[in-house]
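Student: Assemble the complex: chain U is given as a structure, and chain D must be docked to it using the hints.
Residue numbers (the working numbering), protein chains in the order written: chain U, 1 to 91; chain D, 1 to 232.
I should point out that these hints are in silico values taken from the structure, not numbers from a laboratory. A hint or two may mislead.
Claimed, not checked - Below are the SDA-like pairs computed for lysine to any residue, each with C-alpha atoms no more than 25 Å apart in a straight line:
{"hint": "1", "chain 1": "D", "residue 1": "Lys222", "chain 2": "D", "residue 2": "Ala207"}
{"hint": "2", "chain 1": "D", "residue 1": "Lys164", "chain 2": "U", "residue 2": "Tyr12"}
{"hint": "3", "chain 1": "D", "residue 1": "Lys166", "chain 2": "U", "residue 2": "Asp83"}
{"hint": "4", "chain 1": "U", "residue 1": "Lys33", "chain 2": "U", "residue 2": "Asn22"}
{"hint": "5", "chain 1": "D", "residue 1": "Lys166", "chain 2": "U", "residue 2": "Asn46"}
{"hint": "6", "chain 1": "D", "residue 1": "Lys224", "chain 2": "U", "residue 2": "Tyr12"}
{"hint": "7", "chain 1": "D", "residue 1": "Lys222", "chain 2": "U", "residue 2": "Gly23"}
{"hint": "8", "chain 1": "D", "residue 1": "Lys137", "chain 2": "D", "residue 2": "Tyr151"}
{"hint": "9", "chain 1": "U", "residue 1": "Lys55", "chain 2": "U", "residue 2": "Leu36"}
{"hint": "10", "chain 1": "D", "residue 1": "Lys46", "chain 2": "U", "residue 2": "Asn22"}
{"hint": "11", "chain 1": "D", "residue 1": "Lys46", "chain 2": "U", "residue 2": "Lys33"}
{"hint": "12", "chain 1": "D", "residue 1": "Lys222", "chain 2": "U", "residue 2": "Asp13"}
{"hint": "13", "chain 1": "D", "residue 1": "Lys224", "chain 2": "U", "residue 2": "Ile57"}
{"hint": "14", "chain 1": "U", "residue 1": "Lys70", "chain 2": "U", "residue 2": "Glu47"}
{"hint": "15", "chain 1": "D", "residue 1": "Lys113", "chain 2": "U", "residue 2": "Arg5"}
{"hint": "16", "chain 1": "D", "residue 1": "Lys222", "chain 2": "U", "residue 2": "Ser91"}
{"hint": "17", "chain 1": "U", "residue 1": "Lys70", "chain 2": "D", "residue 2": "Lys224"}
{"hint": "18", "chain 1": "D", "residue 1": "Lys167", "chain 2": "U", "residue 2": "Asn6"}
{"hint": "19", "chain 1": "D", "residue 1": "Lys113", "chain 2": "U", "residue 2": "Asp83"}
{"hint": "20", "chain 1": "D", "residue 1": "Lys38", "chain 2": "U", "residue 2": "Asn73"}
{"hint": "21", "chain 1": "D", "residue 1": "Lys38", "chain 2": "U", "residue 2": "Gly23"}
{"hint": "22", "chain 1": "D", "residue 1": "Lys164", "chain 2": "D", "residue 2": "Tyr94"}
{"hint": "23", "chain 1": "D", "residue 1": "Lys38", "chain 2": "U", "residue 2": "Ser91"}
{"hint": "24", "chain 1": "D", "residue 1": "Lys35", "chain 2": "U", "residue 2": "Asn6"}
{"hint": "25", "chain 1": "D", "residue 1": "Lys166", "chain 2": "D", "residue 2": "Glu44"}
{"hint": "26", "chain 1": "D", "residue 1": "Lys46", "chain 2": "U", "residue 2": "Asp13"}
{"hint": "27", "chain 1": "D", "residue 1": "Lys162", "chain 2": "U", "residue 2": "Leu80"}
{"hint": "28", "chain 1": "D", "residue 1": "Lys113", "chain 2": "U", "residue 2": "Val82"}
{"hint": "29", "chain 1": "D", "residue 1": "Lys222", "chain 2": "U", "residue 2": "Gly50"}
As the list claims (entries may be wrong) - DEER-style ranges, computed between Cβ atoms:
{"hint": "30", "chain 1": "U", "residue 1": "Lys70", "chain 2": "D", "residue 2": "Val134", "range": "42 to 48 Å"}
{"hint": "31", "chain 1": "D", "residue 1": "Met139", "chain 2": "U", "residue 2": "Met40", "range": "44 to 50 Å"}
{"hint": "32", "chain 1": "D", "residue 1": "Glu135", "chain 2": "U", "residue 2": "Lys55", "range": "53 to 59 Å"}
{"hint": "33", "chain 1": "D", "residue 1": "Val134", "chain 2": "U", "residue 2": "Tyr32", "range": "55 to 61 Å"}
{"hint": "34", "chain 1": "D", "residue 1": "Tyr14", "chain 2": "U", "residue 2": "Ser37", "range": "55 to 61 Å"}
{"hint": "35", "chain 1": "D", "residue 1": "Leu133", "chain 2": "U", "residue 2": "Ile57", "range": "54 to 60 Å"}
{"hint": "36", "chain 1": "U", "residue 1": "Arg7", "chain 2": "D", "residue 2": "Ser154", "range": "19 to 25 Å"}
{"hint": "37", "chain 1": "U", "residue 1": "Lys33", "chain 2": "D", "residue 2": "Asn223", "range": "21 to 27 Å"}
{"hint": "38", "chain 1": "D", "residue 1": "Asn163", "chain 2": "U", "residue 2": "Arg63", "range": "34 to 40 Å"}
{"hint": "39", "chain 1": "U", "residue 1": "Lys33", "chain 2": "D", "residue 2": "Ile217", "range": "31 to 37 Å"}
{"hint": "40", "chain 1": "D", "residue 1": "Ser154", "chain 2": "U", "residue 2": "Tyr32", "range": "29 to 35 Å"}
Here the structure is a predicted model, which is why all the values come from computation and not from measurement. Backbone N, C-alpha and C define an ideal beta-carbon position, used for all residues, glycine too.
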Amino acid sequence: MEKKRNRLRIIYDILNVIRNRNGRIKPTHILYKSNLSHQMMADYINELKGKDFIKEIKAKHGRSYLITQKGLNYLNQYNLIVDFTSSFGLS
Amino acid sequence: MVLLYLSPTWFAGYDIFLEVLFALVTLAIAFYSLKIYKLSGQRESKLFGISFLLISISYSLWAILNGFALSQLNENQCALYLEDVGILINLGIYGHILFFLSGIATLAYMTLKIESLKAYSLILLLVLLATILVEEKQMIIYLLSSILLIYIISAYIEEYSKNKNKKVLMILLAFFFLFFGRLDFIFSTISYRFYVLGHVLELAAYALALISLILVIKHQQKNKSMGLRRIP
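Isolated chain U (complex conformation) (with noise of 0.2 Å):
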C-alpha cells in the first residue's frame, strides 16, 4: 500500500501538475491530477496563494492558476526540503 502523503509531497504534486501543463492550469484539472478532496484542495490553494506560490488568474472563461518563481523554486529545492525536513524531524 502506498504511504500517505504529507503536506510537503501535496504541495509538490499541485505544483507539478500547474508546471506540467505549461505553468497555467484550471482548477478542475488540479483536482483531477492532485487526487485530492474539494475541500482539502481548496485549503491548499489558499495557501499555496498565501505562501506567493501560485497567482490566481480571473477571466471569462473561469479561475485559472499560475505557477510562481517561488513555486518553480519549491519544485527546484524539493529535495532538499524534503532532506531537511526528515533528517530533523520536521515533516
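Tutor: Just chain D now, with coordinates in the frame of chain U:
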C-alpha cells in the same frame, strides 16, 4: 549571593572554545532551517530556525561571559557570582539565560503542533517570569530547560516510532544528550566536575546535530554533481 557555576582552572579556555563551537553549530542549523522556511513556507522550519538562532545567541553570550570570567579570576577554581560582576556582564548573564530558555520554549511549542499565539506567549511568559522572579536562578534555568526538553524528546520519540527514520533517531539522541547536559548543570554549583561533564554532554548533542546537517548538505551536493532529480 547567586552562584552560577564552578569551573576548574584547567578547563578555562576549553569551555569558551566549546561554547563558541555550540554557537556556530546552532547558527548553521538556524541558517539552514530558515533557508528551508524561505523555500517552503513551512511553519515548523521557521520555528525550528528561530529557536536555534536564539540558542546560538545564548551560547555566544555565554562564551563572552566566560571570557570575562577568565580575565577576572585566576585561582584553583573559578566561581562566577551574579553580584560580583558589573551591570553589563549581569545583562549578559540574563541575556544568555533568557535567550536559551526562549529558544527551548519555541522548540517545545513547535513540537506541540498547535497554532496559537496565545499558547506560545503563555509558555514564553511563564518560563521567562519564573527565571526573572526566582532567587535560585541557576537551579531554575536548568530545571526549566530540562522540563521543556522532556516535551521535545517525547515528540521526537513519537516521530521516530512513526517512521523509524535513523536521522530522526540521531536528533532524538542529540536532544537526550542536551537534556542530560542541562540536568547535569543543575549540580554545577556543587562541583566543577558537573560543569565539565555538562559541556561534554552538550558537545555530544551538537556533534550529532552537526552530523545530521552535514549529511543533508552532502546528499544535496551529491545530487547536484550527479545532475539527478529524485522522483519523489
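Student: Work down the list of hints and note, for each, if the structure agrees.
Tutor: Hint by hint, here is what the structure shows:
At roughly 22 Å between alpha-carbon atoms, lysine 222 (chain D) and alanine 207 (chain D) fall within 25 Å of each other, so this suggested pair holds. The straight-line distance between the Cα atoms of lysine 164 (chain D) and tyrosine 12 (chain U) is roughly 23 Å, inside the 25 Å bound, and the hint therefore holds. Restraint check: the Cα-Cα separation between lysine 166 (chain D) and aspartate 83 (chain U) comes to about 12 Å, which is no more than 25 Å; the hinted pair holds. For the proposed pair lysine 33 (chain U) and asparagine 22 (chain U), the alpha carbon gap of about 15 Å is at most 25 Å, so the pair holds.
Of the supplied pair hints, the one linking lysine 166 (chain D) and asparagine 46 (chain U) is violated, its CA atoms being roughly 34 Å apart against a limit of 25 Å. Taken as a hint, the lysine 224 (chain D) and tyrosine 12 (chain U) pair is honoured in the structure, with Cα atoms around 19 Å apart against an allowance of 25 Å. Distance restraint check for lysine 222 (chain D) and glycine 23 (chain U): the Cα-Cα separation of roughly 29 Å exceeds the 25 Å cut-off, and the hinted pair is therefore not satisfied. This hinted pair checks out: lysine 137 (chain D) and tyrosine 151 (chain D) have alpha carbons roughly 22 Å apart, not beyond 25 Å.
Restraint check: the Cα-Cα separation between lysine 55 (chain U) and leucine 36 (chain U) comes to about 20 Å, which is no more than 25 Å; the hinted pair holds. This hinted pair does not check out: lysine 46 (chain D) and asparagine 22 (chain U) have alpha carbons roughly 31 Å apart, beyond 25 Å. Between the alpha carbons of lysine 46 (chain D) and lysine 33 (chain U) the distance comes to roughly 30 Å, so the proposed pair goes past 25 Å and is violated. The straight-line distance between the Cα atoms of lysine 222 (chain D) and aspartate 13 (chain U) is roughly 24 Å, inside the 25 Å bound, and the hint therefore holds.
Under the criterion of a C-alpha separation no larger than 25 Å, the hint pairing lysine 224 (chain D) with isoleucine 57 (chain U) is inconsistent with the structure, at around 34 Å. For the proposed pair lysine 70 (chain U) and glutamate 47 (chain U), the alpha carbon gap of about 13 Å is at most 25 Å, so the pair holds. Taking the CA atoms of lysine 113 (chain D) and arginine 5 (chain U), the gap is near 18 Å; set against the 25 Å cutoff, the hint holds. The hinted pair formed by lysine 222 (chain D) and serine 91 (chain U) meets the criterion: a straight-line CA distance of about 22 Å does not exceed 25 Å.
With a C-alpha separation of about 20 Å, the suggested pair lysine 70 (chain U) and lysine 224 (chain D) falls inside the 25 Å cut-off, and the hint holds. For a cut-off of 25 Å, the pair hint linking lysine 167 (chain D) to asparagine 6 (chain U) stands: about 18 Å separates their Cα positions. The suggested pairing of lysine 113 (chain D) with aspartate 83 (chain U) holds, with an alpha-carbon distance near 20 Å, which does not exceed 25 Å. Our distance criterion of 25 Å between C-alpha atoms is met by lysine 38 (chain D) and asparagine 73 (chain U), whose separation comes to about 10 Å.
A threshold of 25 Å between alpha carbons decides the hint, and for lysine 38 (chain D) with glycine 23 (chain U) the separation of about 21 Å falls inside it, so the pair holds. As the CA atoms of lysine 164 (chain D) and tyrosine 94 (chain D) are separated by approximately 39 Å, the hinted pair breaks the 25 Å bound. For the proposed pair lysine 38 (chain D) and serine 91 (chain U), the alpha carbon gap of about 16 Å is at most 25 Å, so the pair holds. Restraint check for lysine 35 (chain D) and asparagine 6 (chain U): satisfied, since their Cα atoms lie roughly 20 Å apart, inside the 25 Å limit.
The straight-line distance between the Cα atoms of lysine 166 (chain D) and glutamate 44 (chain D) is roughly 20 Å, inside the 25 Å bound, and the hint therefore holds. Distance check on the hinted pair: lysine 46 (chain D) and aspartate 13 (chain U) sit about 22 Å apart at the alpha-carbon level, within 25 Å; holds. Distance restraint check for lysine 162 (chain D) and leucine 80 (chain U): the Cα-Cα separation of roughly 22 Å lies within the 25 Å cut-off, and the hinted pair is therefore satisfied. Proposed proximity of lysine 113 (chain D) and valine 82 (chain U) is supported: the alpha carbons are some 19 Å apart, at most 25 Å.
With a C-alpha separation of about 33 Å, the suggested pairing of lysine 222 (chain D) with glycine 50 (chain U) is violated against the 25 Å cut-off. Checked against the given bound of 42 to 48 Å, the beta carbons of lysine 70 (chain U) and valine 134 (chain D), roughly 46 Å apart, stay inside it. For methionine 139 (chain D) and methionine 40 (chain U), the Cβ-Cβ distance of about 49 Å falls inside the hinted range of 44 to 50 Å, so the restraint holds. With their beta carbons about 57 Å apart, glutamate 135 (chain D) and lysine 55 (chain U) fall inside the hinted range of 53 to 59 Å.
Distance hint check: the CB atoms of valine 134 (chain D) and tyrosine 32 (chain U) are about 60 Å apart, consistent with the given range 55 to 61 Å. Between tyrosine 14 (chain D) and serine 37 (chain U) the beta carbon distance is about 58 Å. The supplied range of 55 to 61 Å therefore holds. Range check, leucine 133 (chain D) to isoleucine 57 (chain U): Cβ separation about 56 Å, and the 54 to 60 Å hint holds. Evaluation of the 19 to 25 Å hint for arginine 7 (chain U) and serine 154 (chain D) yields a pass: the beta carbon distance comes to about 22 Å.
One distance hint, 21 to 27 Å for the beta-carbon pair lysine 33 (chain U) and asparagine 223 (chain D), holds here, with the actual separation near 26 Å. Distance hint check for asparagine 163 (chain D) and arginine 63 (chain U): the Cβ-Cβ separation is about 37 Å, which falls inside the suggested range of 34 to 40 Å. As the Cβ distance of lysine 33 (chain U) to isoleucine 217 (chain D) is approximately 33 Å, the hint placing it in 31 to 37 Å holds. Evaluation of the 29 to 35 Å hint for serine 154 (chain D) and tyrosine 32 (chain U) yields a failure: the beta carbon distance comes to about 41 Å.
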